[in-house]
Amino acid sequence: MAPETKLSHTAALILQAIQAGFVYGFSIMEMTGLPSGTVYPAMRRLERDGMIRSNWEKQAIADAEQRPPRKYYKLTATGNLTLEGARKRYPLLERLIPSEEVSRT
Amino acid sequence: MTPHVGWIFTRIERALFRGASWLAPEADRAEWLQEWRAELWHARESIRIDGQITWAGEKEILRFCAGAIQDAWTLRKLEKRKPGTAFHGSAAECLLILLALFAASYLLSQLLPGVRAENDPSLYRVNPNLIMIQDAFAGDDSLATISVENYKIWKTSRQRYFDGFAFYRIAKETVIGRDESKERWKVAHASPNLFWMLGLPTTLSSVSGDAVGRTPGVILSEAIWRRDFAADPRIGGRVVRIGGADARVIGVAPANVWRLPGNMDAWLLEPDDVNRGIGYVIAHLTPAGRLEMNSNRVEIISSSADDSDEELRGISFADRTKGPWGLYQFALLLAFLALPAITSVSLGESHFYSSPPSWSNRFAHWLFLVAKIVLLLPSVYFASLDLAYCHATNFSIGSQYIQLISTFVMTLFGLRWIVLDQRNRCPICLRRVTHPARVGMAGRTFLAWNGTELMCAGGHTLLHVPALPTSWFATQRWLYLDTSWKFLFVGSGPG
Numbered sequence: 001m002a003p004e005t006k007l008s009h010t011a012a013l014i015l016q017a018i019q020a021g022f023v024y025g026f027s028i029m030e031m032t033g034l035p036s037g038t039v040y041p042a043m044r045r046l047e048r049d050g051m052i053r054s055n056w057e058k059q060a061i062a063d064a065e066q067r068p069p070r071k072y073y074k075l076t077a078t079g080n081l082t083l084e085g086a087r088k089r090y091p092l093l094e095r096l097i098p099s100e101e102v103s104r105t
Numbered sequence: 106m107t108p109h110v111g112w113i114f115t116r117i118e119r120a121l122f123r124g125a126s127w128l129a130p131e132a133d134r135a136e137w138l139q140e141w142r143a144e145l146w147h148a149r150e151s152i153r154i155d156g157q158i159t160w161a162g163e164k165e166i167l168r169f170c171a172g173a174i175q176d177a178w179t180l181r182k183l184e185k186r187k188p189g190t191a192f193h194g195s196a197a198e199c200l201l202i203l204l205a206l207f208a209a210s211y212l213l214s215q216l217l218p219g220v221r222a223e224n225d226p227s228l229y230r231v232n233p234n235l236i237m238i239q240d241a242f243a244g245d246d247s248l249a250t251i252s253v254e255n256y257k258i259w260k261t262s263r264q265r266y267f268d269g270f271a272f273y274r275i276a277k278e279t280v281i282g283r284d285e286s287k288e289r290w291k292v293a294h295a296s297p298n299l300f301w302m303l304g305l306p307t308t309l310s311s312v313s314g315d316a317v318g319r320t321p322g323v324i325l326s327e328a329i330w331r332r333d334f335a336a337d338p339r340i341g342g343r344v345v346r347i348g349g350a351d352a353r354v355i356g357v358a359p360a361n362v363w364r365l366p367g368n369m370d371a372w373l374l375e376p377d378d379v380n381r382g383i384g385y386v387i388a389h390l391t392p393a394g395r396l397e398m399n400s401n402r403v404e405i406i407s408s409s410a411d412d413s414d415e416e417l418r419g420i421s422f423a424d425r426t427k428g429p430w431g432l433y434q435f436a437l438l439l440a441f442l443a444l445p446a447i448t449s450v451s452l453g454e455s456h457f458y459s460s461p462p463s464w465s466n467r468f469a470h471w472l473f474l475v476a477k478i479v480l481l482l483p484s485v486y487f488a489s490l491d492l493a494y495c496h497a498t499n500f501s502i503g504s505q506y507i508q509l510i511s512t513f514v515m516t517l518f519g520l521r522w523i524v525l526d527q528r529n530r531c532p533i534c535l536r537r538v539t540h541p542a543r544v545g546m547a548g549r550t551f552l553a554w555n556g557t558e559l560m561c562a563g564g565h566t567l568l569h570v571p572a573l574p575t576s577w578f579a580t581q582r583w584l585y586l587d588t589s590w591k592f593l594f595v596g597s598g599p600g
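Line by line, the protein sequences give chains F and L. The first sequence: position 103 = 103 (our numbering), numbered continuously. For any residue, its number in our numbering is found by taking its place in the second sequence, counting from 1, and adding 105.
Hints should not be assumed to be uniformly reliable.
Only pairs whose alpha carbons sit at most 27 Å apart, straight line, appear in this in silico DSSO-like list of lysine-lysine [as the list claims (entries may be wrong)]:
{"no.": "1", "chain 1": "L", "residue 1": "K257", "chain 2": "L", "residue 2": "K277"}
{"no.": "2", "chain 1": "L", "residue 1": "K257", "chain 2": "L", "residue 2": "K291"}
{"no.": "3", "chain 1": "F", "residue 1": "K74", "chain 2": "F", "residue 2": "K58"}
{"no.": "4", "chain 1": "F", "residue 1": "K58", "chain 2": "F", "residue 2": "K71"}
{"no.": "5", "chain 1": "L", "residue 1": "K291", "chain 2": "L", "residue 2": "K277"}
{"no.": "6", "chain 1": "L", "residue 1": "K164", "chain 2": "F", "residue 2": "K71"}
{"no.": "7", "chain 1": "L", "residue 1": "K277", "chain 2": "L", "residue 2": "K287"}
{"no.": "8", "chain 1": "L", "residue 1": "K182", "chain 2": "F", "residue 2": "K6"}
{"no.": "9", "chain 1": "L", "residue 1": "K182", "chain 2": "F", "residue 2": "K74"}
{"no.": "10", "chain 1": "F", "residue 1": "K88", "chain 2": "F", "residue 2": "K74"}
{"no.": "11", "chain 1": "F", "residue 1": "K88", "chain 2": "F", "residue 2": "K6"}
{"no.": "12", "chain 1": "L", "residue 1": "K182", "chain 2": "F", "residue 2": "K71"}
I should point out that these hints are in silico values taken from the structure, not numbers from a laboratory.
Use the sequences and the hints to build the structure in full.
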């Protein structure tokens, strides 16, 4: 997808959350306040469009913390460029989710 | 909330995930389920208060789980839009093309009068008590071998196995119509009971018995009636001069009803004492004769007046009245037998190193093969009849040959295509594998791998086809691509 692609507000919010360090589905839900039926499908579309990329956490890490492994999401170069464009379109994005939010990865 | 109630909620959530997972594409299902179960764990941890989950918390979790349905549905929709799920190269495309071929051949067969007539089931209702008698030493069923004298003797003498005989011989005769035009017809000089014994229908029969008694009757073939009489509906009773004698038209035989030797233009029904020469005898079996007829051919010994025995042969009409269906079955059998000679019929050449296809995928793979064959066979039947009767409106031996050969060729090469196509179908999605790439060097066939690699556009499998079968790599092999390969096949965007 081209960097100048216009994102919906929801998609932009999710990208902003991922960049701010909320890197798995439930944490993005908690941060954005969006329901699961909105967040996960939006992430599927963003992944299909090449703006985010997913990878599974190593089993050993999950085992050490006695929980199931998470699927983490990360912005791609295209995703970063698109998010920059989206911030100009939605100036409140950074105020809703500041980029310097604590990283949870 | 009691632990018992919590257990019930857990079951509901699992069932919800399991149900929703069926909406997700099969290739992504396991990973999708794993992600949602992991997310559910985090959701539970987040909502838990002092190690307990309240009613409100369970409702919250149920709302969270309900999102899985929408997510799975989205995944399904995205899968359909992938390049790998396009119509081109899919199983549906293949079946639609075969269906279109079948429809086209069937529609054409309905437009061709020759095919319509051949498919008329009323033509093949044969009296099982009739046989044709022929000299036992005749090399060909279609040869005339019985003299009219013998016929007359058999007819007038007491018989144990036969209770009726009919005779005809074929001759080319000059025919003079009302306008004095001369034509050469192929005429069957037949005994008056021929059509009655064979049970052949005639049309336009409007002549009184008296008229027939005075002048020999003639039955015209439909082709002659159309060609020389312009399909005149009042042809009944008209007198034509055949071979120097008058004959009165007593009917028209519909196309294709005549299945005995000779492609006749007319049947001249004349008294037996007028007939002469060598011809064909049709006999009606008594119940005792029917019991003796235990195959399509039977040997007959006829004792003549001078006590010399004559060896004869009785031939059932079954072979001549099988119609296109019998010929088609025979050609199909030949094609199936010949198929291994032109291609390997083995489909069990697929080896999965890991993650073999599910039972439903294997079932779909076989079902697709059967569907292709089921669509091919009727298409071949109608297409071969279309070819055989595109120029002929009547039954003829030539048309039968065309039908036999075309059925054989189309079935043989159609089956070959089906087998080759099946080998190149991804066992997961049934799409044709594409993007062939030559790998290795021919000179290193025995030291390293040399052949062609093809891949499923849906990202499910890779197919390795060796250029030269070796003892360690004799047949094609499938490599199942797990989800780690998925990023290669997602749209055109990076990442």
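Consistency of the hints with the structure:
Only pairs whose Cα atoms come within 27 Å are accepted, and K257(L) paired with K277(L) is accepted, the gap being roughly 23 Å. Between K257(L) and K291(L) the CA atoms are separated by roughly 24 Å; this keeps the pair inside 27 Å, and the hint holds. Under the criterion of a C-alpha separation no larger than 27 Å, the hint pairing K74(F) with K58(F) is consistent with the structure, at around 16 Å. For the hint pairing K58(F) with K71(F), the CA-to-CA distance comes to about 10 Å; that is within 27 Å, so the pair holds.
Of the pairs offered as hints, the one joining K291(L) and K277(L) holds, with about 5 Å between alpha carbons and a cut-off of 27 Å not exceeded. With a C-alpha separation of about 24 Å, the suggested pair K164(L) and K71(F) falls inside the 27 Å cut-off, and the hint holds. Annotation: proposed proximity of K277(L) to K287(L) holds, straight-line Cα distance about 13 Å (limit 27 Å). The suggested pairing of K182(L) with K6(F) holds, with an alpha-carbon distance near 21 Å, which does not exceed 27 Å.
In summary, the hint linking K182(L) to K74(F) is supported, as the alpha carbons are separated by about 23 Å, within the 27 Å threshold. Proposed proximity of K88(F) and K74(F) is supported: the alpha carbons are some 21 Å apart, at most 27 Å. At roughly 11 Å between alpha-carbon atoms, K88(F) and K6(F) fall within 27 Å of each other, so this suggested pair holds. Distance hint between K182(L) and K71(F) is fulfilled; the C-alpha atoms sit about 21 Å from each other, no more than 27 Å.
In this structure, none of the earlier numbered hints is contradicted; all agree with it.
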